[in-house]
Amino acid sequence: MIQWLKDLLQSPPQSLSPGWAQADGGGRADPIDTETPTLARQLALVIDLNVCVGCHACVTACKQWNTSGMAGPLSDVNPYASEPTGTFFNRVQTYEAGTFPNTDTVHFPKSCLHCEDPPCVPVCPTGASYKRKEDGIVLVDADKCIGCKYCAWACPYGAREFDDASGVMTKCTLCVDRIHDKLLPEADRKPACVKACPTNARLFGDVKDPNSEVSLAIRDRGGYALMPEWETKPANMYLPRRITPAAVGPEAQTPGEISSNRV
Amino acid sequence: MHPAWSLLLFTTLAGTAQGLLLALAVASWLLPLPTGFLLGAIALAEVLLTAGLLASFFHLGQKGRAWRAAAMWRTSWMSREVIILPLLMAWVALWWLAIAMDVSPTVLRVLSALVVVGTFALWYCTAMIYACLRFLQEWAHPLTVVNFTLLGMSSGSVLLCALSSLAGQNDLLQSLQFWALGSTLLAWFMRRQALRRNARLSPTSTLQSATGIQNPNLVQKSMGMSAGSFNTREFFHGATAQTVRRMPYVFQILLFALPLLLVAALGAHSAMAWILAVLLQFAGLLAERWVFFAQARHPQNLFYQTVS
Numbered sequence: 001m002i003q004w005l006k007d008l009l010q011s012p013p014q015s016l017s018p019g020w021a022q023a024d025g026g027g028r029a030d031p032i033d034t035e036t037p038t039l040a041r042q043l044a045l046v047i048d049l050n051v052c053v054g055c056h057a058c059v060t061a062c063k064q065w066n067t068s069g070m071a072g073p074l075s076d077v078n079p080y081a082s083e084p085t086g087t088f089f090n091r092v093q094t095y096e097a098g099t100f101p102n103t104d105t106v107h108f109p110k111s112c113l114h115c116e117d118p119p120c121v122p123v124c125p126t127g128a129s130y131k132r133k134e135d136g137i138v139l140v141d142a143d144k145c146i147g148c149k150y151c152a153w154a155c156p157y158g159a160r161e162f163d164d165a166s167g168v169m170t171k172c173t174l175c176v177d178r179i180h181d182k183l184l185p186e187a188d189r190k191p192a193c194v195k196a197c198p199t200n201a202r203l204f205g206d207v208k209d210p211n212s213e214v215s216l217a218i219r220d221r222g223g224y225a226l227m228p229e230w231e232t233k234p235a236n237m238y239l240p241r242r243i244t245p246a247a248v249g250p251e252a253q254t255p256g257e258i259s260s261n262r263v
Numbered sequence: 264m265h266p267a268w269s270l271l272l273f274t275t276l277a278g279t280a281q282g283l284l285l286a287l288a289v290a291s292w293l294l295p296l297p298t299g300f301l302l303g304a305i306a307l308a309e310v311l312l313t314a315g316l317l318a319s320f321f322h323l324g325q326k327g328r329a330w331r332a333a334a335m336w337r338t339s340w341m342s343r344e345v346i347i348l349p350l351l352m353a354w355v356a357l358w359w360l361a362i363a364m365d366v367s368p369t370v371l372r373v374l375s376a377l378v379v380v381g382t383f384a385l386w387y388c389t390a391m392i393y394a395c396l397r398f399l400q401e402w403a404h405p406l407t408v409v410n411f412t413l414l415g416m417s418s419g420s421v422l423l424c425a426l427s428s429l430a431g432q433n434d435l436l437q438s439l440q441f442w443a444l445g446s447t448l449l450a451w452f453m454r455r456q457a458l459r460r461n462a463r464l465s466p467t468s469t470l471q472s473a474t475g476i477q478n479p480n481l482v483q484k485s486m487g488m489s490a491g492s493f494n495t496r497e498f499f500h501g502a503t504a505q506t507v508r509r510m511p512y513v514f515q516i517l518l519f520a521l522p523l524l525l526v527a528a529l530g531a532h533s534a535m536a537w538i539l540a541v542l543l544q545f546a547g548l549l550a551e552r553w554v555f556f557a558q559a560r561h562p563q564n565l566f567y568q569t570v571s
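Quick note, the sequences are listed as chains A and B, same order.
Last residue of the first sequence: number 263 in the numbering used here, and the count goes up by one each step with no gaps.
Last residue of the second sequence: number 571 in the numbering used here, and the count goes up by one each step with no gaps.
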């Protein structure tokens with residue numbers, strides 16, 4: 001109760017100057033910045049639909065890391081029975097575009113998009129849902145969450161999953177307990193899903209840095225946001241599938257024609 | 264959306280209590296009401312509010328932390344509701360006490376005015392929880408606020424009619440019946456507007472905008488799991504298309520048509536008519552709230568169409 005009162009009293013409407021990057025600011029119930037100033041840093045994933053093969057390695061790596069890490073356990077109900085269900089932060093879905101026989105199978109990994117204007121955050125009644133100012137990651141404070149599920153309603157992407165065993169909302173943390181861990185070798189300071197991907201379909205980095213790998217990929221390969229109509233400004237972007245024509249045969253195309261064939 | 268019992272009960276019980284309090288407060292300004300009757304009716308409203316509050320707790324995964332929900336009143340309509348509800352309950356308790364202790368009429372007027380403000384504030388906050396979610400197009404409209412308010416006014420005043428006919432309060436019943444019948448008719452008209460609006464809505468999000476795959480022939484082949492998840496339970500009503508089509512008729516008959524017919528047929532002085540109307544209306548209210556949830560199509564459902 002006291003902490004709640006402190007939070008309430010200590011949180012005047014904050015002036016959002018560029019110098020606010022305090023390292024420990026994430027856990028506090030800050031008032032939500034509805035003006036959404038530009039973050040200096042926004043960590044995000046870029047998903048390459050052109051090379052995702054739908055192997056679900058990112059799903060299992062995510063589940064393994066997060067069920068045994070600070071976000072876990074991610075409970076499973078009836079895991080070996082007829083109606084298994086459980087909490088996951090990441091799913092790989094499969095879509096089919098076109099009409100037979102000219103169809104294209106697209107594997108589509110889906111997790112929290114860490115929106116720059118996350119609609120799930122201001123609706124949270126307790127302040128458990130927040131967007132970290134230092135790196136733009138949207139997180140849930142499991143000790144403050146009352147499990148009302150309102151944030152899940154407020155997410156058009158269905159990115160949040162309620163964990164029945166712990167009674168709180170869970171979501172992708174971008175492996176926040178991993179990417180900043182100085183004890184890990186630098187190459188391992190990436191989300192588990194990125195490390196697990198065998199085709200390099202998942203890129204990770206700062207989309208606010210114009211020269212980062214992710215920014216270059218978005219720029220060069222037409223990276224796009226999901227459901228742009230709701231103006232949530234997702235940080236995660238998707239790289240479109242491009243048709244790769246057969247290199248031999250009567251309908252072989254010249255390389256110049258390839259890039260225009262976005263599915 | 265999945266209609267959760269906890270939310271159906273909370274919004275209907277609290278809404279009826281608010282309508283009862285509003286009718287009582289206004290009646291207390293215009294008519295001399297016997298103290299015993301007034302105290303009983305206010306106590307019933309408080310019991311209904313408490314029952315609603317209890318029901319709402321069953322929606323929470325961590326009930327013991329419910330007090331935290333008052334923290335984010337600057338941004339969250341749910342937080343505002345969580346503040347207003349106990350405040351209204353406190354004002355109702357004070358009003359009851361003030362009547363029981365026979366304090367001056369000025370104090371009574373102030374307290375009853377506060378209760379009136381509280382009822383409207385609570386309707387507004389409760390409805391805005393739903394109406395503020397812009398991509399839930401069935402909810403994101405002023406009609407949501409109008410209907411939460413009117414349905415509460417209707418059910419609360421019909422309940423007060425039943426109480427006054429039982430207690431032989433004929434003067435009160437004489438004036439109140441017009442309020443009850445009028446608000447019921449108006450609620451019916453406005454709820455029909457919402458039903459008509461929902462029928463005409465076309466979803467802004469499509470599978471193409473959701474995935475960014477711009478082929479007009481696009482189908483999901485797998486949602487990425489072999490069984491259900493939170494996403495398939497929370498955002499789907501789980502009923503057949505036929506049920507969803509029929510339920511609007513069911514609630515309109517129970518909530519509006521039958522109560523109005525009963526009172527017209529048996530006469531506004533028949534206690535039996537009003538008591539039956541209350542029972543029918545409550546069943547109708549639950550059905551109405553079910554439809555309110557079931558008709559809301561969440562855009563995340565686009566991602567959860569096919570199990571394989």
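FYI, nobody ran anything at the bench for these hints, they're computed from the structure.
All residues carry an ideal CB built from backbone N, CA and C; glycine is no exception.
Check before you lean on any hint, since a few could be wrong.
Said to hold, decoys possible - With a cut-off of at most 30 Å between alpha-carbon atoms, the simulated DSS-like pairs for lysine-lysine come out as follows:
#: 1; chain 1: A; residue 1: Lys208; chain 2: B; residue 2: Lys326
#: 2; chain 1: A; residue 1: Lys182; chain 2: A; residue 2: Lys149
#: 3; chain 1: A; residue 1: Lys195; chain 2: A; residue 2: Lys133
#: 4; chain 1: A; residue 1: Lys182; chain 2: A; residue 2: Lys208
#: 5; chain 1: A; residue 1: Lys208; chain 2: A; residue 2: Lys233
#: 6; chain 1: B; residue 1: Lys326; chain 2: A; residue 2: Lys195
#: 7; chain 1: A; residue 1: Lys149; chain 2: A; residue 2: Lys190
#: 8; chain 1: A; residue 1: Lys133; chain 2: A; residue 2: Lys149
#: 9; chain 1: B; residue 1: Lys484; chain 2: A; residue 2: Lys233
#: 10; chain 1: B; residue 1: Lys326; chain 2: A; residue 2: Lys149
Unchecked claim - Some chain A residues near chain B, calculated using beta-carbon distances under 10 Å:
#: 11; residue: Ser82
#: 12; residue: Thr99
#: 13; residue: Ala128
#: 14; residue: Asp163
#: 15; residue: Lys195
#: 16; residue: Thr199
#: 17; residue: Ala217
#: 18; residue: Arg221
#: 19; residue: Pro228
#: 20; residue: Glu229
Going through the hints against the structure:
Straight-line distance between C-alpha atoms of Lys208(A) and Lys326(B) comes to about 40 Å, which puts the hinted pair past the 30 Å bound. As the CA atoms of Lys182(A) and Lys149(A) are separated by approximately 34 Å, the hinted pair breaks the 30 Å bound. Pair hint Lys195(A) plus Lys133(A) holds up; C-alpha atoms about 25 Å apart against a cutoff of 30 Å. Taking the CA atoms of Lys182(A) and Lys208(A), the gap is near 22 Å; set against the 30 Å cutoff, the hint holds.
Of the supplied pair hints, the one linking Lys208(A) and Lys233(A) holds, its CA atoms being roughly 13 Å apart against a limit of 30 Å. For the hint linking Lys326(B) to Lys195(A), the alpha-carbon distance of about 38 Å lies beyond 30 Å, and the restraint is violated. Under the criterion of a C-alpha separation no larger than 30 Å, the hint pairing Lys149(A) with Lys190(A) is consistent with the structure, at around 29 Å. Of the supplied pair hints, the one linking Lys133(A) and Lys149(A) holds, its CA atoms being roughly 23 Å apart against a limit of 30 Å.
The suggested pairing of Lys484(B) with Lys233(A) holds, with an alpha-carbon distance near 27 Å, which does not exceed 30 Å. For the suggested pair Lys326(B) and Lys149(A), the alpha carbons sit about 13 Å apart, so the restraint of at most 30 Å is met. Below 10 Å, beta-carbon pairs count as interface contacts, and Ser82(A) has one with chain B at about 8 Å; its hint therefore holds. Annotation: Thr99(A) was flagged as interfacial toward chain B, and the flag holds, the nearest CB pair being 5 Å apart, inside 10 Å.
Residue-level restraint check for Ala128(A) holds (minimum Cβ-Cβ distance to chain B is 8 Å; threshold 10 Å). At about 8 Å, the closest approach between the beta carbon of Asp163(A) and any beta carbon in chain B falls short of 10 Å, and the interface hint on this residue holds. A hinted interface residue such as Lys195(A) counts as satisfied when its beta carbon comes closer than 10 Å to some beta carbon of chain B; here the least separation is about 20 Å, so the hint is violated. Annotation: Thr199(A) was flagged as interfacial toward chain B, and the flag is violated, the nearest CB pair being 17 Å apart, outside 10 Å.
Hint status for Ala217(A): violated, given a least beta-carbon distance of 15 Å to chain B, over 10 Å. Hint status for Arg221(A) relative to chain B: violated, with the closest Cβ pair at about 13 Å, above 10 Å. Hint status for Pro228(A) relative to chain B: holds, with the closest Cβ pair at about 7 Å, below 10 Å. Proximity of Glu229(A) to chain B holds as hinted, the smallest CB-CB distance being about 5 Å (cut-off 10 Å).
In summary, the structure is inconsistent with hints 1, 2, 6, 15, 16, 17 and 18 from the numbered list given earlier, while agreeing with the others.
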